[in-house]
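Protein sequence lines, in the order shown, are assigned to chains A and B.
Residue numbers 0 to 247, in numbering that gives the first Met the number 0, belong to the letters of the first sequence in order.
Residue numbers 0 to 262, in numbering that gives the first Met the number 0, belong to the letters of the second sequence in order.
Just to be clear, a hint being listed does not mean it is correct.
[Stated by the list, open to error] Straight-line distance between alpha carbons at most 25 Å, and here's what the computed PhoX-like set of lysine-lysine pairs gives: (1) A/Lys-147 / B/Lys-10; (2) B/Lys-167 / B/Lys-32; (3) B/Lys-128 / B/Lys-102; (4) B/Lys-106 / B/Lys-32; (5) B/Lys-245 / B/Lys-180; (6) A/Lys-122 / A/Lys-76; (7) B/Lys-106 / B/Lys-167; (8) A/Lys-147 / B/Lys-245; (9) B/Lys-163 / A/Lys-147; (10) B/Lys-70 / B/Lys-102; (11) B/Lys-167 / A/Lys-147; (12) B/Lys-128 / B/Lys-167.
Bear in mind the hints are in silico, worked out from the structure with no lab data behind them.
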Amino acid sequence: MKKRIFEGHTSVFLDIFIWSRNYDKKREFLTCRYYTLYGDIWEIDMRQYVTFKGSRQGLQLVLDDSVDFTVILENLKVKLESAVVFFTEGTTVEVPAKVRILTTEQQEDLTKLLAIYGLVFRKTTEQQIVATKANVEIEELQTLFVAKTLRGGQEVRHNGCVVIMGDVNPGAEVIAGGDIIIRGTCRGVVHAGAYGNIEATITANRLLASQIRIASLIARAPDHLDQPEYTEMASIKDGNVIIERVNI
Amino acid sequence: MGDVIVITSGKGGVGKTTTTANLGTGFALLGKKVVLVDADIGLRNLDVVMGLENRIVYDLVDVVEGNCRLKQALIRDKRYDSLYLLPAAQTRDKNAVNPAQMKELCKELAEDFDIVIIDCPAGIEQGFKNAIAGADQAIIVTTPEVSAVRDADRIIGLLESEGKHNPKLIINRIRPNMVKKGDMMDINDIIEILAIDLLGIIPEDEYIIISTNRGEPAVASSVSVASQAYKNIVRRLVGENVPLMKIENHDGFFSRLKKVFNF
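Make the full structure from the sequences, and use the hints.
Below is the structure:
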């Protein structure tokens, strides 16, 4: 079991779960349809504020921006403890400034903690932080409009929200830092909140996506997917990807 | 200046070459001056389908490399005087030609002919890029199979990125019986995914295999259903308004009888 989790660490997206859509007719009036989840609690616990991502330079530490730093430190400690075998000594770890900006003291704390497990923390310089801060502010304002159908093999990547005025066909990918809205049929792969935003949502007039990814969660469509009749929105609730009917 | 049309599909075996041969012959039947270009260098077979294999002296690569003049490489069809073929080289590969050379070649052909039809190889690599380089119009051939439709979708995307918009769609090898039973992808399903204009549908027809093996395009036949479908497509391409063929089962005795008595 543990080994499987560790293998997950080496992939680009950490927590890969297999999900299936559970069609519950009684709930249809309230929530339409929703995904349920298999797997053990450790995997589905969304209150993990710390995630490791593999990158070419080493490991990236993605820290939740919404909680206190002490909580993060505790969470990180638990995570490191449970994965001692996995980390090779001397691996460099950095915190992408895009996700959470750390103070100098917090960086010191991190360095100390990681050193216990033989990891080297690479500090972000002041310049990087300033540059990223400015970028984040601009990017947040920008929403990308795509006024065409995305065909197989085509990909849209954007740091902010993405609006597609057309279909997303099988084999096409939309990766957004924010929300994704598709005014058409979505049959491809959609990834909202790709940089860790678990609040991100995916809305489509006909949501038939082969995979729905939000932040570090991946939900796969069941093998037999029925045709949706309403505009639906996918979001994370209590560690599940839930599909709800929305009116827009 | 004539029209340059590329027949493409992404997936192999969906009927690009058959379609090229039949549309070309169909245009020739209407009296148009047509040239078929086989862009499938290394795996040529348009010449075999046209029954012109034994007349090849020079090929497309010879023309591009300047070993012969364009006129020398063109083969006149044995049945229709206004139909020509520019065969592909068999001993070379796709990299023997580049898109710029194909563009130049198509331009030259379009000056002499009303219609230039390019038979594109399967795949999305160099051969595909060569084939579409000089085309003003694209016709996508697909079959009612999920894999063929996926590939068609990818091809439409690639054509778009090359600045070739509004391709037309031909759905080949439809089996009326299976569609009726719901065992085959519906035409509407295909159109919904690909979202491009439908140029025509061609029912599955054994006669196509017979005619291909004989080296005589089926379109000239009066008994084949596929032939009628190809004729309709040609008429649509020259601007006539022809309604879509009704898909029905042509095998049964009664349906034939019904057709004869017109009820």
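Consistency of the hints with the structure:
With a C-alpha separation of about 24 Å, the suggested pair A/Lys-147 and B/Lys-10 falls inside the 25 Å cut-off, and the hint holds. The hinted pair formed by B/Lys-167 and B/Lys-32 meets the criterion: a straight-line CA distance of about 22 Å does not exceed 25 Å. Restraint check: the Cα-Cα separation between B/Lys-128 and B/Lys-102 comes to about 11 Å, which is no more than 25 Å; the hinted pair holds. At roughly 15 Å between alpha-carbon atoms, B/Lys-106 and B/Lys-32 fall within 25 Å of each other, so this suggested pair holds.
Among the hinted pairs, B/Lys-245 with B/Lys-180 is consistent with the structure: their alpha-carbon atoms are about 16 Å apart, no more than 25 Å. Distance hint between A/Lys-122 and A/Lys-76 is fulfilled; the C-alpha atoms sit about 19 Å from each other, no more than 25 Å. Straight-line distance between C-alpha atoms of B/Lys-106 and B/Lys-167 comes to about 21 Å, which keeps the hinted pair within the 25 Å bound. Distance hint between A/Lys-147 and B/Lys-245 is unfulfilled; the C-alpha atoms sit about 32 Å from each other, more than 25 Å.
For the proposed pair B/Lys-163 and A/Lys-147, the alpha carbon gap of about 14 Å is at most 25 Å, so the pair holds. For the hint pairing B/Lys-70 with B/Lys-102, the CA-to-CA distance comes to about 17 Å; that is within 25 Å, so the pair holds. A hinted pair counts as satisfied when its Cα atoms are at most 25 Å apart, and B/Lys-167 with A/Lys-147 qualifies at roughly 17 Å. Distance check on the hinted pair: B/Lys-128 and B/Lys-167 sit about 18 Å apart at the alpha-carbon level, within 25 Å; holds.
When each numbered hint is compared with the structure, a violation occurs for hint 8 only.
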